[in-house]
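Student: Next come the chains, spelled out residue by residue.
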Amino acid sequence: MKFLCVLCDQPMKLLEVAPPDRGTLSVVYECPECAHRIAMLTNPFETQMVTSLGVQIGPGGEQSESKCPFSGMVQGASAPADDTLPWSGKALERLERVPEFVRPMARTGIERYARENGFREIDEQVLDRAKSFFGM
Amino acid sequence: MKSYFDINGDGGSNVVGQVVAKREQIARSLAGVKHMLAIGSGKGGVGKSTLTMQLAHALRAAGATVGILDADLNGPSQARLAGLGATPLLPGREGLVMPRTASGIGVVSMGLIVPESKSLDFESFAEGDSFVWRATKEFTLLGDFLAGVAWGELDYLLVDLPPGAERTVQYAEFLGSQTAVVLVTIPSDLSRGVVSRSIAALRKAPNRLLGYIENMSGYACSGCRSIRPLFPHSTAIDLGIPCLGEVPFDPDLAAACDRGEALPEDAAGMAWQAIRGVADRVHSTVEGS
Numbered sequence: 001m002k003f004l005c006v007l008c009d010q011p012m013k014l015l016e017v018a019p020p021d022r023g024t025l026s027v028v029y030e031c032p033e034c035a036h037r038i039a040m041l042t043n044p045f046e047t048q049m050v051t052s053l054g055v056q057i058g059p060g061g062e063q064s065e066s067k068c069p070f071s072g073m074v075q076g077a078s079a080p081a082d083d084t085l086p087w088s089g090k091a092l093e094r095l096e097r098v099p100e101f102v103r104p105m106a107r108t109g110i111e112r113y114a115r116e117n118g119f120r121e122i123d124e125q126v127l128d129r130a131k132s133f134f135g136m
Numbered sequence: 137m138k139s140y141f142d143i144n145g146d147g148g149s150n151v152v153g154q155v156v157a158k159r160e161q162i163a164r165s166l167a168g169v170k171h172m173l174a175i176g177s178g179k180g181g182v183g184k185s186t187l188t189m190q191l192a193h194a195l196r197a198a199g200a201t202v203g204i205l206d207a208d209l210n211g212p213s214q215a216r217l218a219g220l221g222a223t224p225l226l227p228g229r230e231g232l233v234m235p236r237t238a239s240g241i242g243v244v245s246m247g248l249i250v251p252e253s254k255s256l257d258f259e260s261f262a263e264g265d266s267f268v269w270r271a272t273k274e275f276t277l278l279g280d281f282l283a284g285v286a287w288g289e290l291d292y293l294l295v296d297l298p299p300g301a302e303r304t305v306q307y308a309e310f311l312g313s314q315t316a317v318v319l320v321t322i323p324s325d326l327s328r329g330v331v332s333r334s335i336a337a338l339r340k341a342p343n344r345l346l347g348y349i350e351n352m353s354g355y356a357c358s359g360c361r362s363i364r365p366l367f368p369h370s371t372a373i374d375l376g377i378p379c380l381g382e383v384p385f386d387p388d389l390a391a392a393c394d395r396g397e398a399l400p401e402d403a404a405g406m407a408w409q410a411i412r413g414v415a416d417r418v419h420s421t422v423e424g425s
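Going down the list, the sequences are from chains P and H.
When you line the first sequence up against the working numbering, it's residues 1 to 136, in that order.
When you line the second sequence up against the working numbering, it's residues 137 to 425, in that order.
Just so you know, the hints here were simulated from the structure itself, not pulled from any lab data.
Watch out, some of these pointers could steer you wrong.
[Stated by the list, open to error] Here are some, though not all, of the chain P residues that point toward chain H, as calculated from beta-carbon distances under 10 angstroms:
{"id": "1", "residue": "Q48"}
{"id": "2", "residue": "G54"}
{"id": "3", "residue": "E93"}
{"id": "4", "residue": "R94"}
{"id": "5", "residue": "D128"}
Where is the CB? At the ideal position from N, CA and C, for every residue including glycine.
When you get a sec, could you build the whole thing from the sequences and use the hints?
Tutor: Structure, rendered in structure tokens:
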């Protein structure tokens with residue numbers, strides 16, 4: 001989907017995606033010529049269609065994963081609880097490489113293993129030990 | 137006034153770029169897979185999943201490295217067939233570590249994630265009318281599996297397809313031309329008719345159609361050690377593709393599947409012998425290509 005400023009005959013630039021609100025999305029565009037702004041407002045059904053494609057909406061596309069309103073909503077279900085263990089940066093990188101819908105379960109499982117074995121932080125060593133422990 | 141095609145790029149989210157990046161990630165993830173085989177039918181209940189697992193066991197017994205992707209997201213059964221009910225899911229260096237059976241077959245299935253007592257539900261912003269977006273969501277999920285699992289070096293990645301003639305061809309197209317298709321039928325006109333329809337649809341797809349397996353091809357009686365008829369044999373419908381083997385129904389195999397175990401490698405077992413024969417034919421066909 002593209003937006004054209006009719007007065008300037010110029011394609012409008014995506015400026016920002018507002019935080020999601022009850023399944024709706026507000027995407028702001030600006031004309032680079034006259035600075036006129038519009039907002040595309042999606043209804044929950046349209047938002048769902050885009051989410052189903054597994055793509056992110058926002059400036060920068062693939063670079064904006066952490067800011068993506070869609071993934072933010074999906075990841076809400078996996079928000080860390082207060083009693084979760086800290087993860088090192090490298091361990092988190094590994095977690096980010098597994099499918100998003102698997103992460104909550106992977107996180108829970110590895111933290112359970114860590115607690116049972118006296119680890120206070122999840123790092124790559126803990127992940128490798130768990131892999132050996134479970135014979136994988 | 138400019139038209140759609142006068143404007144380069146998209147609305148600013150680089151959706152096409154994201155789709156291309158995902159495809160490239162899938163290709164990298166599958167780079168070590170030598171042969172991808174989709175096991176489908178079109179008809180439900182003919183034993184696609186059972187044969188997928190048993191074919192994996194037979195290929196593994198012949199020395200191949202094998203993985204299974206359970207693409208039946210709504211009715212996953214490979215986790216149970218593999219006996220992997222309570223297996224933890226671990227993040228590895230290259231993606232999700234593949235859970236493995238005792239014999240080393242890697243298995244990735246929604247059954248590892250969603251308990252059998254629950255259906256696969258997606259969070260939705262929209263209430264109702266999920267038929268519009270659900271199929272798209274499922275293919276996205278399948279892509280996430282393909283891209284996010286550390287498949288490693290495999291001789292065979294078997295993909296267990298969901299039922300439905302249209303789903304068979306959709307999944308085959310999604311998996312791409314590097315995936316060959318094996319169809320499963322039972323010896324009834326009803327089943328062969330549906331499989332014939334799948335074959336017609338698959339002829340328009342880019343995938344190679346290796347052949348079909350006739351499952352439940354008689355009843356393997358362990359008492360008299362013979363194969364007894366199970367269905368009135370169908371000869372009216374010529375499927376027009378090679379038959380890779382006829383596998384008799386074996387109660388021992390059914391029991392082993394429920395336990396999540398492999399069929400014992402009994403040289404005298406008629407079902408096992410048939411499955412070994414299928415594996416040999418599949419192997420010689422793909423290696424000969």
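Student: Each hint should be assessed against the structure and marked as holding or not.
Tutor: Each hint tested on the structure:
Interface restraint check for P:Q48: the shortest CB-CB distance to chain H comes to about 4 angstroms, inside 10 angstroms, so the restraint holds. For P:G54, the interface hint holds, the least distance from its beta-carbon to any beta-carbon of chain H being 4 angstroms, beneath 10 angstroms. Because the smallest distance between the Cβ of P:E93 and any Cβ of chain H comes to about 9 angstroms, under 10 angstroms, the interface hint for this residue holds. For P:R94, the shortest C-beta to C-beta distance to chain H is roughly 4 angstroms, which falls under 10 angstroms, so the interface hint holds.
Among the interface hints, the one on P:D128 holds; its C-beta lies about 9 angstroms from the nearest C-beta in chain H, closer than the 10 angstroms criterion.
Checked against the numbered hints given earlier, this structure breaks none of them.
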